[in-house]
Amino acid sequence: MHELSIASAILDRVAAEAERHPGAHFTKVGVRIGEISGIDPDALSFGFECLVKDSEFDPLVLEIEFCPRIQRCLACANEFPAPNSMTGCPKCGDAHTTCIAGEELDIAFIEVEEDVEHPEAGGVNR
Amino acid sequence: MTTRVPVEQKVLNENQRLAIDLRERYRQNNVFCLNLISSPGSGKTSLLERTLAAFPKDTRVAVLTGDIQTENDARRLSQYGFPTRQITTGGTCHLDAKMIDKHLVDFDLTSLDMLLVENVGNLVCPSSYDLGEHAKIVLLSVTEGEDKPLKYPSIFAKSELCVINKIDLLPYVPFDLEQARENAQRVHPGIRIIEVSCTTGEGINEWMTWLQERREQALAITA
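One line per chain: the protein sequences are P and H, in this order.
Taken in order, the first sequence gives residues 1 to 126; the numbers are from the numbering used here.
Taken in order, the second sequence gives residues 127 to 349; the numbers are from the numbering used here.
The hints are simulated quantities; they were obtained by calculation from the structure and are not laboratory data.
Hints may contain errors.
Result set (DMTMM-like, lysine to aspartate or glutamate): computed pairs, CA atoms no more than 25 Å apart in a straight line [said to hold, decoys possible]:
{"hint": "1", "chain 1": "H", "residue 1": "Lys224", "chain 2": "P", "residue 2": "Asp40"}
{"hint": "2", "chain 1": "H", "residue 1": "Lys224", "chain 2": "P", "residue 2": "Glu114"}
{"hint": "3", "chain 1": "H", "residue 1": "Lys136", "chain 2": "P", "residue 2": "Asp94"}
{"hint": "4", "chain 1": "H", "residue 1": "Lys136", "chain 2": "P", "residue 2": "Asp58"}
{"hint": "5", "chain 1": "H", "residue 1": "Lys284", "chain 2": "P", "residue 2": "Asp58"}
{"hint": "6", "chain 1": "H", "residue 1": "Lys284", "chain 2": "H", "residue 2": "Asp232"}
{"hint": "7", "chain 1": "H", "residue 1": "Lys224", "chain 2": "P", "residue 2": "Glu79"}
{"hint": "8", "chain 1": "H", "residue 1": "Lys277", "chain 2": "P", "residue 2": "Glu79"}
{"hint": "9", "chain 1": "H", "residue 1": "Lys136", "chain 2": "P", "residue 2": "Glu56"}
{"hint": "10", "chain 1": "H", "residue 1": "Lys224", "chain 2": "H", "residue 2": "Glu134"}
{"hint": "11", "chain 1": "H", "residue 1": "Lys284", "chain 2": "H", "residue 2": "Asp184"}
{"hint": "12", "chain 1": "H", "residue 1": "Lys277", "chain 2": "P", "residue 2": "Glu56"}
{"hint": "13", "chain 1": "P", "residue 1": "Lys53", "chain 2": "P", "residue 2": "Asp94"}
{"hint": "14", "chain 1": "H", "residue 1": "Lys136", "chain 2": "P", "residue 2": "Asp42"}
{"hint": "15", "chain 1": "H", "residue 1": "Lys224", "chain 2": "P", "residue 2": "Asp12"}
{"hint": "16", "chain 1": "P", "residue 1": "Lys53", "chain 2": "P", "residue 2": "Glu3"}
{"hint": "17", "chain 1": "H", "residue 1": "Lys183", "chain 2": "P", "residue 2": "Asp40"}
{"hint": "18", "chain 1": "H", "residue 1": "Lys284", "chain 2": "P", "residue 2": "Glu56"}
{"hint": "19", "chain 1": "H", "residue 1": "Lys284", "chain 2": "H", "residue 2": "Glu197"}
{"hint": "20", "chain 1": "H", "residue 1": "Lys136", "chain 2": "H", "residue 2": "Asp147"}
{"hint": "21", "chain 1": "H", "residue 1": "Lys284", "chain 2": "P", "residue 2": "Glu17"}
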């Protein structure tokens, strides 16, 4: 529902990186989106494309790694993928589980194209 | 040739940074802050009305209430004589830490013991935004489905307390209270559940007791 705000926050992060490295050419930004993060990957991609099109970063690509929901059983500590909250532990049958993955909303990386002929213009050294 | 620069940061890192700052300001001023979240129409404003009406007049409490449009809620809540400000988001479906920060300038934190924040009616987006609160509270009313916790697990998992409102309507609606409790426990084992009716006042004492005890607990930790 607030995918455009999220897309905007991602682009802000790229802009901050751009400020630190003037002249660098950013090609891709990688994010991790959890299954129950409340973010729809398609809507996020759409929002991101719209924002990028009117920005200095066009044609920056958004790469989304989708992270499935994983629950841990509170009784036997078994970890298992759970498509919904009704899924009890497949090993011991206990209904009480806790979410250990699937809530991700992270920026993983930003890709920068090195200017081989003018390394001083675009290089990002870390 | 491309180079991959690792970032490994929350998308909402900037919000998180502001939320940490807010939390620190609450701690320094001994202000207990709650973030109320529910679908539109579950009764967040009604619960706040009951709460403010139950407070002694000298209670040092303030309210921030969020909506997409109108100042209606702030008008309703300001009748109780406590400082109240409306946050109109103009379309945004949640409150974020920046909005709280911006509206806090209207309050003197040193003269407050409690800040009650009513989020925009929405069970999805508000769950992603930390507002620096001590606890999130999720409301569910019996005119909704008892499967709400299963459909919107994130907010139920992140809330300390689930208030089930409108229990005066139980005889008239096909709401399975026991199933609702079980569903909430399923997505958040151990979540505290309080049943209330903001119309009849049933359960409000239990809610006020929770509020008082939770505040004392928060202040004991920060002291």
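Q.
Hint check: H/Lys224 vs P/Glu79, CA-CA at most 25 Å. Holds or violated?
A. Not OK: H/Lys224 and P/Glu79 at ~37 Å, beyond 25 Å, violated.
Q: Would you check the hint for H/Lys224 and P/Asp40, treating anything up to 25 Å between C-alpha atoms as holding?
A: Given that 25 Å is the threshold and the Cα spacing comes to 24 Å, the pair holds.
Q | Holds or violated: H/Lys224 to P/Glu114, with C-alpha atoms at most 25 Å apart | A | With a Cα-Cα distance of about 36 Å, the restraint between H/Lys224 and P/Glu114 is violated, given a limit of 25 Å.
Q: Verify the proposed pairing of H/Lys284 with H/Asp232, using a straight-line Cα cut of 25 Å.
A: violated (29 Å)
Q.
Checking one constraint from the list: CA of H/Lys277 to CA of P/Glu56, max 25 Å. Satisfied?
A. violated (39 Å)
(Q) Just to be careful, I want the Cα atoms of H/Lys136 and H/Asp147 compared with a cutoff of 25 Å; is the pair within it? (A) holds (16 Å)
(Q) For H/Lys136 and P/Asp94, compute the direct alpha-carbon distance and say whether it is at most 25 Å. (A) violated (32 Å)
Q: Starting from H/Lys136, check that the Cα of P/Asp42 is at most 25 Å away, please.
A: At roughly 19 Å apart (the allowed maximum being 25 Å), P/Asp42 and H/Lys136 satisfy the hint.
Q.
Next pair to validate is H/Lys224 with P/Asp12; report whether the Cα-Cα distance is within 25 Å.
A. Within the cut-off at roughly 15 Å; holds.
Q. When you check the alpha-carbon spacing of H/Lys224 and H/Glu134, does it fall within 25 Å?
A. With a Cα-Cα distance of about 22 Å, the restraint between H/Lys224 and H/Glu134 holds, given a limit of 25 Å.
Q: For the pair we were handed, P/Lys53 and P/Asp94, check the Cα-Cα distance against 25 Å.
A: violated (49 Å)
Q. Given the hinted pair H/Lys284 and P/Asp58, is their alpha-carbon gap at most 25 Å?
A. Given that 25 Å is the threshold and the Cα spacing comes to 37 Å, the pair is violated.
Hint violations for this structure: numbers 2, 3, 5, 6, 7, 11, 12, 13, 17, 18, 19 and 21, all remaining hints satisfied.
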